[in-house]
Every structure is written in C-alpha cells, then in structure tokens.
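> Take the working numbering: the last position of the sequence shown gets the number 1452, and nothing is skipped along the way.
Do not take every clue at face value.
Under the rule of at most 30 angstroms between Cα atoms (straight-line distance), these lysine-lysine pairs were calculated in the DSSO-like manner [what the hints assert, rightly or not]:
{"hint": "1", "residue 1": "K1361", "residue 2": "K1177"}
{"hint": "2", "residue 1": "K1338", "residue 2": "K1226"}
{"hint": "3", "residue 1": "K1226", "residue 2": "K1361"}
{"hint": "4", "residue 1": "K1226", "residue 2": "K1177"}
{"hint": "5", "residue 1": "K1177", "residue 2": "K1234"}
{"hint": "6", "residue 1": "K1280", "residue 2": "K1361"}
{"hint": "7", "residue 1": "K1230", "residue 2": "K1250"}
{"hint": "8", "residue 1": "K1393", "residue 2": "K1230"}
{"hint": "9", "residue 1": "K1301", "residue 2": "K1361"}
{"hint": "10", "residue 1": "K1324", "residue 2": "K1182"}
{"hint": "11", "residue 1": "K1301", "residue 2": "K1250"}
{"hint": "12", "residue 1": "K1338", "residue 2": "K1324"}
{"hint": "13", "residue 1": "K1234", "residue 2": "K1393"}
In short, the hints are calculated from the structure, not lab data.
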Amino acid sequence: MDLFAGCGGISLGFLTAGFSPVSFVEIDEWAAASHRTNIADSNSALAGQHHVARDITTEDPETIFADLELTGAVDQQIDVLVGGPPCQAFARVGRAKLREQAYRRAEETADFAFLVDGRVSLWRRYVEYVRATRPIALLMENVPDILNHGHINVAELIARSLSDEGYEVRYTLLNASWYGTPQTRERMILVGYHRETGLIPQFPVPTHHVVLPRGYEGTKNTARKVLIRHGSDHHVYISDPSPTLPAATTAREALADLPSIYALNLFQKGHLKRGRKDPAEPCIYTSQEPTTKWSRLMRHWDGFGTTDHTTGHVIRFLPRDYKIFAELENGWEYPEIWQHVENKISAWLQDRSRRGLSTDYRNPDVKDFMESWRIPYDKDKFPNKWWVLEAEKPVRTLLAHLGKDSYSHIHFDPAQARTISIREAARLQGFPDGFKFCGSMNPAFKQIGNAVPPLFAYALAVAMKSTIGAPVDDDIRVRLLELEQSLIQITEGTT
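Let the sequences and hints guide you as you build the complete structure.
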C-alpha cells in the first residue's frame, strides 16, 4: 500500500522489484490518474476504484479496502506499507514560503508559520495506517530537514512512534545519485520491520560515485544538528560512495536520444507559440537503438518499454527568456545570470549614449529593450531560482515548483536556449519513457517534481527483498545499466 503516492514513483520501484501493488492513497486528481494509468492493472475490475483520488485525513484503510472489494481483516491485506508525507513544510524552501505568506497576512507568529502547517502532522496518519494494517515491513521517504524541523527531529518522533507499534526501525540520509539516478536528490529514508520477523532494517550500499555540489554537506550538517545534540536510538550513517565505483549518471547521458528543440530559432520563425502543450504528444527518437546506458533503461524498463518514440517532449513558452538562455553557461545560478543581463543592458545604454541617443527609460526604444531583457526577480532572494544544468554531472533536485516554472533546470545546450521538457524532467527523475503523465503541462511537471525517483525506490525495494530473504534474481540495473552484480549489497549502517 502506497500512501501519499503521487504519480507512482515508489510504487513503480516496488512493482519492478516484484512487489504487487494493492492500493494507494493520493489526494491530487491528476497524480492519482497517472498512478492508475501506469500502476493499476488495466484488466482489473478494481482499476476504477484504484483511480479515485483520496484524502488520507478523512479515509481509513477499512473504507479503501472495502471499495476495492478486498474481504477479510484489515490487518491481513498488505505486507508492505510505503509512503512519503508531503515534504514542503519540512523543507527550508517550503518554510521560507510559509513565512512570506504569513508576513503578508501580518501574523505575529510568522517566523514559526512552518511549525503549524497542517502537512507537518500527516506523518501521524501514516502511523495510524501502520497500526490498522499491521504490515510486515514499512518504508517512509522525506526531505533531510525532517531531522531538524524547528529544532525538533521529527524523524526520531516517527521512529519512536513506530517502535511503540512493535517495529524495529532505522532511518538515514541517502542520495538518489548514489544509486544511478542522474539527480543529486538527498532524502531521509526510514525502514522498519515488525519485531516478530526478527529482522534488522538494512539499506542499499551506494553503487555510484558522485562529488556532490557545494552546499550539500552543509545541508546534511544542518539537518543533523538536533541529532548530534540529542542523539538517536534509530538513526544510522551510510558511508559515502567510494571513488572506485562507476561514475554517477550525467545530464547528457540521461537526455540521450531525445531530439533537440532549438527554442529561440523556432520562436523567431513563428513555430513556437503560446497554447496548451500536450504531455501525450509523440516524439521520435534520434537513434534507433539507445546510445547510453541510461537511455537503454528508460527505453526498455520492464513493462514500460518503447519502440521508436516516447511522449511529452514539450517545453514552456517563454518568449522573453529564449534569447537570455542562449547566452548562459553551464552551472550558472540566478545571481550570475542576473548580472549578465544587467551588464548587457548597461553596455547597450552606454553604446546609445556614445552615439548621442537617449538613454531615458521613457524613451520607447529604451523601455522596450530593457523590458525585453530585464528579469524581474530579486537576485538575493533565491539564488538557485534559475540554474543551468551541467552536462557532465547529475542535475540538482527536481521540485514540485516545476509545476509553476522550470527556471531551476535550464538545458545545458545554449543552442537549444530553453528550460527542460516534460520528458526530460521525467528522464532526470528516472521515469521510463513509457510512463504517461495525466493532465496538462503544469500538473505533469508537478507530479514529476513531487515524485520519488523510481530507480532509487527500486534500490530500496531490492534491499528490502534481500533483507527478508527473497533477493531479486534479474536486477534491471545489471541487465540494462550494466552494473556489476557484486556491487548490489545491503548494510545496516553505523550508529
């Protein structure tokens, strides 16, 4: 059973590892529709009910199982419970947004708005579902900041609550790029087994090496401050990957075989226009056979294989920005981009002045030029609001904010001068090319940004199967990513 399931990142990983999805709970209608489309058995009489968006705060396992026509005791229906309660209130970016909204409402408690966000307590519903369904094993995913939420280690509170329910629980911080995903997504992973099994939670040993971006260690240290100060009965450390391991998947490798979209050129010729973009629009590959290991995985993922095309390789219409994107360098963040644009405006004004032309903003030519280039965002507020992908490295974390704009992931090829497409975002998150996203562009991007990377979930699922003594025989990482079988191991970690 998958709680807070989104479009199905965890479900897909566990399905591919050999687990059978029984039910899921997801409140967003488009995400629920995507989950049903991709995860539910299309031939099953239960598919209709499987499709229904559900509010976990008002629905109980009894009601859900009854809707699915599952008979028998509630605590006999599932073996594994997985899920990731909404993380925005725990994440520092989410906290800043909540504070800003509270300040606008002139609330006296604005500095602590994130502490009373209703999403914070949804982990209690997860525990209540555990109490009702009594799974053999469980898994929870969340952001690292759950270890330090207003100086409270919420992950430890969750672990203690689950321990009181009879589970042996451990949690740690893992990075999705350590397991092949082309994205440096850092997450708290909690695993538990009912004490009657006698099992100790174990985690997958990293299979890929990556040098994480500047600041990631600081994020970890901030998250672990409360942990270090107060200790923990359940936290373990997993060693960073060895430099001798295969290199992490890069952005260039991840996007291989998807055709280039030269946005500025298309816009100037009138071929790129405003209007609804269809995530189901077909897109022909540039190569008959996959040209990278990641492309092979994306094109041949079990149950989601494609032939000569995929879908959703469509981009946002950003007429002001294409010309800016064409001048950016890999790795630039918003302050550098902002300064580049301001320097360009300044040079243009100086040139006009030398030629004796007006530089007054009220002049129509001056006004038009400045408005067509100037970016109207505070350069000091969110320095990573804009970021250009680095072709030879994994990308930074994809967020749900992709559903509003995609400036956080600008394509590394300046000739294409654009933000990433829906399919490129899916590739970077690890959704196979045969995975279909329901809804229009914004819902599709939001679903992708909210998801757990399927290959990361797969690594966790394989580790769980190994722990319970049912190892996966035909690992897709060996077959499609050419990973050596000997690298696929599990560990209890260290305290």
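> Confirm or reject each hint.
Checked hints:
no. : hint            : in the structure
1   : K1361 <-> K1177 : holds (27 angstroms)
2   : K1338 <-> K1226 : violated (35 angstroms)
3   : K1226 <-> K1361 : holds (26 angstroms)
4   : K1226 <-> K1177 : violated (47 angstroms)
5   : K1177 <-> K1234 : violated (38 angstroms)
6   : K1280 <-> K1361 : holds (21 angstroms)
7   : K1230 <-> K1250 : violated (34 angstroms)
8   : K1393 <-> K1230 : holds (24 angstroms)
9   : K1301 <-> K1361 : holds (27 angstroms)
10  : K1324 <-> K1182 : violated (50 angstroms)
11  : K1301 <-> K1250 : violated (41 angstroms)
12  : K1338 <-> K1324 : holds (25 angstroms)
13  : K1234 <-> K1393 : holds (14 angstroms)
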